[in-house]
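Protein chains in written order, with this note's numbering: chain A, 4 to 503; chain B, 5 to 453; chain C, 13 to 518.
Please note: incorrect hints may appear among the correct ones.
[Stated by the list, open to error] What the simulated footprint calls covered on chain A by chain C, stretch by stretch (three residues with Cβ under 8 Å from a Cβ of chain C suffice, anywhere in the stretch; the number is not a length):
(1) 191-197
(2) 222-232
[Said to hold, decoys possible] With a straight-line Cα cutoff of 30 Å, these simulated BS3-like cross-link-like pairs (lysine-lysine) come out:
(3) A:K367 to C:K238
(4) A:K325 to C:K247
(5) A:K330 to C:K247
(6) B:K57 to C:K479
(7) B:K437 to C:K449
(8) C:K449 to B:K364
(9) A:K330 to C:K225
(10) C:K120 to A:K207
(11) C:K120 to B:K57
Everything labelled a hint here was simulated from the structure, so no lab data went into it. Quick reminder that beta carbons are idealized off the backbone N, C-alpha and C, glycines included.
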Amino acid sequence: MTNNNIQQIIILGGGTAGWMTAASLSRFLTADYQITLIESDSIGSVGVGEATIPQIQVFNKTLGINEDDFIKKTQGTFKLGIEFVNWGQIGDSYIHGFGHLGQDMSALPFHHYWWKLRQQNQAKPLADYALNCSAAYQNKFMRSIDAGNSPLSDITYAYQFDAGLYAQYLKEYAMARGVNHVIGDVESTSVNAVSELIESISLKSGEILKADFFIDCSGMRALLIEKTLNIGYENWQHWLPCDSALAVPSKKIEPLPPYTRSTAHSAGWQWRIPLQHRTGNGHVFCSEYMQSSEAEKILLDNLDTEALQPARLIQFTTGKRKAFWHKNCVAIGLSSGFMEPLESTSIHLIQSAIARLMSLFPDKSFHQANIDEFNRQTHFEYDSIRDFIILHYKATQREDSVFWRYCKNMSVPDSLKEKLELFQQHGHVNRFNNELFNENSWVEVLFGQNIEPKGYHPMVDIMPTEQLKQNLAGIENVVKQCVDYMPSQQAFINQFCKAE
Amino acid sequence: MIINLIGNNLASWMIAATLAPYPQFTIQIMGDKTTAAYPPIQSVLPLFKQFLKRAKIDEAEFSRQVMCQPLLANQILTQAPNQVVNPLTDFAHARWFGFCQTGAPLGPASFAHLYSQVAGQNTQINEFSDYALGTQLAKQGQYIAPNLNPQSILSTYEQGYIIEVDSFINFLSTKLTNTKRIQPSNLTNTEAACDLRIDCRTPKRDAASQAIQTICWQCQPPDTKRLKFSKQIQLTEHGWLLAVKSQTEAKQINYQLNLSNPVELPQADIKKLVQLYSQCPANNAILDKSINLIAAVKDTPAAFSQNHIVLGHDWLTANSWAISSIDVLSIFTTSLLDCISLSNTPELFEQAFIEQYQTKLDSLIRYQQLLTDALNGTSNDTIALFLASGRIKQLDPDLIHPDWSAGLLMNLGCYPKADSPFVSQLSTAQILKHLEQISLVLQRTSQYK
Amino acid sequence: MRTVSQPKRIKSIVILGGGTAGWMTAAALSRALKPDNIKITLIESDKIGTVGVGEATIPHIRTFNAMLGINEAEFIKATQATYKLGIQFCGWGSADSDYFHPFADFGKSFENIEFQSLYQKARQAGLTLPLDAFSTAIAASRQNKFCQPDTLPVQLLNNFSYAYHLDATAYAQFLRRYAEKLGVIRIEGQLETIQTRLPDGHIQALILDNQAKVEGDLFIDCSGFKALLIGQHLKVNYQNWSHWLKCDSAIAMQSEQLSPLPPYTLSTAHGSGWFWQIPLQNRTGNGIVYSRDYLSDDAALAKLTHQLNLTEPNAINGPIRFTPGMRDQSWQKNCIAIGLASGFLEPLESTSIHLIQLSIFKLLELLPADTQYEAARDEFNSLVKTEYINVRDFIILHYALNQRHEDFWQACRTMALPSSLQTKIDLFKTSGYLTQKQQGLFFKPSWQSVLFGQGITPKAHDPKADKLSNQQALDWVQTYLSKQMQTVDKMPLHQDWLKQTGVLNR
């Protein structure tokens, strides 16, 4: 019986996506698979300071990466959530924190009870009942400890790190496991006209690299999935009109915040990602409503610390590829689509694509069933994250610029519209089919941007109001005590994982 | 069929003229003669011929009886701000373009491409407009009537006219003896029974429309040869200036200055401007009239309801560099005549008429826009395509021949990209020889006269 | 991130696919370009058959041939061509009706009044003849007569034009000889691999089954329905029009040549589609076009055999499957699709070759100097699209206006039409008013022939015509008719004309 297994795999592109893919493949495939990663030394990768969501822990764990070692080597910091400033209205601020929100009380999620009292002006802001949010505001951090049913037993966090260093870290990891690293510029590709299989990649040097399976990690240029296979792109600019970003690093922030901050401006928003040695900043804006010179001025005027380099412009088109896997080519990373990093999902999309690829790993026959399932799942993931990001723009009361007026009045995807309508009734959030952002995330953003249900859930009334008040006060107290107990993030890092 | 035309003016007479060949139509012009709200002298595009044909007016008779002269070309003078150019002596800045085909293709290579290929490297070649018979005749102050025979070189150009509006109205009203003139004391009586009513009255200026102050005068400068058979447009710091003669052998030149800043000027300032631009003492100039035109917007198409058309602004206000009220009325009347067969079903009539009138009007507006953009150095789809491929964007309908648009662009310095595939296979010597031959033929033709 | 690449001069054009589209393109390009300036290569495989059978054309093909400088007599002999004055449509309006669509105007206007209005008034005065009685071309067709209009004495009605019926395969061969003489290089082989240049994603080279590598700057996709480059590779979307044009299959069959030789194409409607009959010098091309939703392949073959009075099917080609429609863009990146690769409309109005020719002419006009061709590409795409939609609407018209009772025809009659077409029909029904385009195919007379021919009589006529009485109009149309009779009397039989002019093959 002949072996139908894939023998040679080419990963095109050596940014975060390329090396994450290479690291995973080298970890989970036998040495019978020859993995080659082609990287151009003339093309920089887009990654700047990168913020993530908690799922990254799973990825690192499966590779067997030591967390402290990883934090040290990538100038990493811990992240409890994202602060959103000026989104609902100018002057507003809320934190979308990871992890628990309050405490479940009998049948319903916490926020239903909270909302009843809040309407009567008898409850504090939502953040006071969430450990992540409260700790973030005080720049505190620690990992979970064994503390019974205290919130300290289950602290959910992610990281903020230097993406270039992370790629470097994974590159060493992958090369130690036999990944073949080719440096060169791609000149052309060959595709079989009948089977549509990619046959080879030619480099400017004249070298021709053949493989059975190609992974397109070439970023927004999408050299294989789009330029070679012409899959097509679904444009989302009518929902997510931002198309440019200016990125600039600045000096370190002290005290070191354990959260990412996103500040809305008049035609976009600005990120701030604190690392150990410096801060990543960027202004995402819509060029239709703002010149880049103006965007740069706004960015620089709103830095908390001194800029270290001139700002760099990145242009993009929000949307997704019409298919992510076609014949013998899979797109991972920005070649598969682009959504602004408002909710720090870029790395998550890479990681989940890798996980999906692993579970549906093909052989040389490239069964269409595998491919269809991969595409179906990826489309679902893209669409649900898209809805969550659109929510931030749509759920605004701002009228101070053409951009915000557009966002406020734009029509949104039906899936989002239904969710909003449902929430506005009794505060119910339907998490569909295990989508990435759970009920808590939606609730925090919706309340944070002043979207309020008309009434509260009728089942809340089963708990006498007095008891409810006591419960909430109790939770608030527990959260406060926990935060008091936590060390500052800087202290925590100094103790366990300070970069050399 | 009774057709009532409300208002006694250029529009009503042109409409009446197109309907006149059909004696079964009863045409009534109702109302007093209204004061003109359009330039007294207008230049019209060659599509005016369509109007004459539809109205069954003999072109020779028209040009004999109406104060007018044939128009073969336009000249545009551009200058630096504050620098006054005497349009009659200083021709260095004049760009000529007309209604003509320029040169001839060489195999598959278009003439615009051929010319662009050698224009940069050869100083001895002539201006682009010198390779078109129409513009060349105009430059020399000569006139030969264009000819329809496709074999003849005289078919490479068409002519427009420069027309004195009052004389034109007079001509029409004398000719149209069957058109009834009714002067009701109160215009509400015009609701009188009819099958179709067209309101040609000058509409009130509304907030949305912008006024253009126009100063018109006549005077007699020393040399007027260069204004034979051409119209001159000058871009000045005060606005744009039009200089034309309404009759070939006239000594008087008619000026029309459209002020870019529409403020009412005191008489003294007007005199200063007159003197500045006509290079003759203001006392010698006959200040004809100073009128307020409504520069409006094409988004008020002729309004319609139940066989009642309100002409609206368009025809009054298209007093642009390239098109005139008469041009717009020509389109209006031909569209009306085409669609009148639908007049028994008002909704369909309205739909078909508006569609036809609007698309044709758009075609004229594109031409004006092309000229404006080419002068300002801004790009648009047509210019981008021309620069890339030497072709004029094809749209349907287009009342402006692609050769005219190409000539306009070339003469204003918009050359297509060099080394077009068909040109690059020719040697420079071949191209120059071709150009020389064309010059020769044109020379012979213009001398033959 | 956007990458800016330097424009590259176009030095080489590669045509993928022979056949009518491929060789027409090659011939036109070779006529306009010198091989030492821009090299033209055509790839075709003897293993792949072409779809072209007996092909009917419209008069525009003469412009194409004239551009190439082709001698008409030589062309006619080489392609077994006959002359064509128009198309006869049988059974389209109602099952027993027939009419002609000629390449000519109807009648002649009088006193500034269009003939259509005169005709409408004459009918009010008692005229019973159909509109298509008033055309020299039709009268000649009905008597199988033909001569070239410019050979008629001036006092006669030489108010018509003509096209040809030809053997498309022979035409392709004829153009191949022409193109190869002018330096077009033909490469035998089948496409195997496509090489893409990065980062712009342009096609860089085609590698064939015999390992030959053909590099180029522009690629013309003439690979037919397979659309190897524009469709399969570049994945440009194909707009499907089958909700308007329900036929999806055709079978072609040859038969003996006809005598007397008709100077027209015959299109006969049947219960779920139509038959074509295209007379050539040496044989007759026939076929059936049908919708498989209403007629099986076997039944269609039997129907065609019966229609031709044959006992056995003879020299069959097919069934050929097609989807009416067109590419969203015919020109994408450095690939331009011409012919079936760019779209398909059934040959009811003999437009296949015209649509090829249109693309070729527009390509020649817009041929870019280098790879910075965006403006030219957009213009090309918009012009091709306009013409396809133009032809599409005219073909839909034939299906929409019918009084037949079969399911297929009822479905055609009740379908929702493109709104521009619906408006056009409504305007005509009301008062005979026809909107007129300046460019593209099918002017007023074409629309008049189908609208009147398929049973639409306008409710009213143009009030401008009322300066004449109905009787005066009747007198005028009858005067016209007698002049037409004189003209047709002077014309020879079609086959005699072919013989006399020495273009009839033995």
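Hint check results:
no.	hint	in the structure
1	191-197	holds (count 7)
2	222-232	holds (count 8)
3	A:K367 to C:K238	holds, 26 Å
4	A:K325 to C:K247	holds, 11 Å
5	A:K330 to C:K247	holds, 14 Å
6	B:K57 to C:K479	holds, 18 Å
7	B:K437 to C:K449	violated, 39 Å
8	C:K449 to B:K364	holds, 11 Å
9	A:K330 to C:K225	holds, 24 Å
10	C:K120 to A:K207	violated, 69 Å
11	C:K120 to B:K57	holds, 18 Å
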